[in-house]
Amino acid sequence: MIRNLRENDRELLASIAEHRILTSKQVTAIHRRSNQVIRRHLRKLEQQGLVLSATTGFGRKRGRPEKLISLTEKGANMVRAENPELKSLSTNHFTGENIRCLDHHLLTNWFRIHLDHIQIVIPQLSVDFLSPASPFQEKALDGQPLVSERLPAEPGTEPTNGFTPDGVFQITHKEKQKTILFFLEVDMGTESVASPKRDPRDIRQKILNYQLYFRRGQYRRYEKTWNCTLKGFRLLFLAHTNGRLASICRLVQDMPPSDFIWLTTADLMFSEGLSAAIWIRAGKQTAPPESILGPAMACKAPMPEPAE
DNA sequence: GGTGAGTCTCGTGGGGCTAG
DNA sequence: CTAGCCCCACGAGACTCACC
Numbered sequence: 050m051i052r053n054l055r056e057n058d059r060e061l062l063a064s065i066a067e068h069r070i071l072t073s074k075q076v077t078a079i080h081r082r083s084n085q086v087i088r089r090h091l092r093k094l095e096q097q098g099l100v101l102s103a104t105t106g107f108g109r110k111r112g113r114p115e116k117l118i119s120l121t122e123k124g125a126n127m128v129r130a131e132n133p134e135l136k137s138l139s140t141n142h143f144t145g146e147n148i149r150c151l152d153h154h155l156l157t158n159w160f161r162i163h164l165d166h167i168q169i170v171i172p173q174l175s176v177d178f179l180s181p182a183s184p185f186q187e188k189a190l191d192g193q194p195l196v197s198e199r200l201p202a203e204p205g206t207e208p209t210n211g212f213t214p215d216g217v218f219q220i221t222h223k224e225k226q227k228t229i230l231f232f233l234e235v236d237m238g239t240e241s242v243a244s245p246k247r248d249p250r251d252i253r254q255k256i257l258n259y260q261l262y263f264r265r266g267q268y269r270r271y272e273k274t275w276n277c278t279l280k281g282f283r284l285l286f287l288a289h290t291n292g293r294l295a296s297i298c299r300l301v302q303d304m305p306p307s308d309f310i311w312l313t314t315a316d317l318m319f320s321e322g323l324s325a326a327i328w329i330r331a332g333k334q335t336a337p338p339e340s341i342l343g344p345a346m347a348c349k350a351p352m353p354e355p356a357e
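Residue numbers (this note's numbering): 50 to 357.
Heads up, a few of these hints could be off.
Cut-off 27 Å, straight-line C-alpha distance, at most; resulting in silico cross-link-like pairs (DSS-like, lysine-lysine) [unchecked claim]:
(1) Lys223 <-> Lys136
(2) Lys93 <-> Lys116
(3) Lys280 <-> Lys255
(4) Lys227 <-> Lys349
(5) Lys273 <-> Lys225
None of these hints come from the bench; they were simulated from the model.
Just so we're clear, the structure is a prediction, and the values are computed from it rather than from any experiment.
Hey, can you work out the whole structure from these sequences and the hints?
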């Protein structure tokens with residue numbers, strides 16, 4: 050056991066476990082420190098055998114590739130020791146080992162980081178994000194994460210197996226005690242938009258699932274999680290390119306009712322922030338974009354560049 | 001010990017040049 | 001015209017030193 054671990058290091062390990070795998074820039078953004086300080090801490094943790102680093106091709110651009118950080122078995126043991134309720138989880142629930150699509154996972158991380166930034170920019174708001182990948186996420190008896198949704202088939206409808214969003218979150222206005230529920234789907238263009246074979250993973254089927262989920266009011270189960278009243282939810286699509294955004298917009302427009310579906314691109318998230326009017330509602334690209342916070346709270350607030 | 005500034009090193013992509 | 005090579009710019013990481 051490593052005894053000289055400081056509070057900072059414990060927080061670093063916990064955040065790496067929570068996200069499973071992060072780029073060093075993401076660690077910097079989460080902890081709001083300078084790049085240099087975070088790199089130093091991570092180097093130290095790597096020397097202690099608690100984290101593992103590899104290089105990434107994420108967002109391929111000029112220059113030296115960024116490091117990817119995840120926990121080692123020793124690091125996972127450390128987090129388990131700090132959180133006895135996680136004792137029964139195997140090591141691969143804490144590490145990046147089973148992450149299937151790395152770029153998708155890293156873009157989801159960026160969404161979470163930008164989402165967290167909202168409550169710093171607008172202190173009246175609080176945000177809580179549930180990730181299906183997090184080891185801290187309460188698991189059901191069958192080992193499925195809490196945010197995994199079931200859709201039992203009704204007579205006369207096509208059977209579905211349910212679905213797992215890339216994230217579920219709520220934004221609450223603390224003074225008004227008003228909560229809005231959101232489901233997140235991050236799209237890297239790996240799934241077909243509407244396959245002729247009706248692939249259960251294509252975007253069309255996802256939208257059908259959410260429409261059924263909405264009609265049945267199954268989202269109300271989150272009222273218990275967050276102790277609030279919910280009048281519906283919004284489904285957010287984060288597309289990795291403009292072309293992909295356009296094709297999903299066309300599909301969404303063809304599939305009413307779709308007013309609860311909002312779409313944007315990764316570029317807009319990075320350049321303007323999630324609180325800005327960057328969201329296309331119901332796939333209508335000709336209409337002016339809106340903010341998911343509503344017109345009164347809409348604000349352009351990109352993440353500041355961390356100090357070197 | 002922790003942090004920031006300055007500087008160097010390293011890996012990668014882009015663009016220009018040249019031989020075939 | 002194109003493949004292959006080389007050089008340069010860029011960006012991330014590492015190192016040193018000074019300061020608190």
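Any of the earlier hints contradicted here, and which numbers? 1
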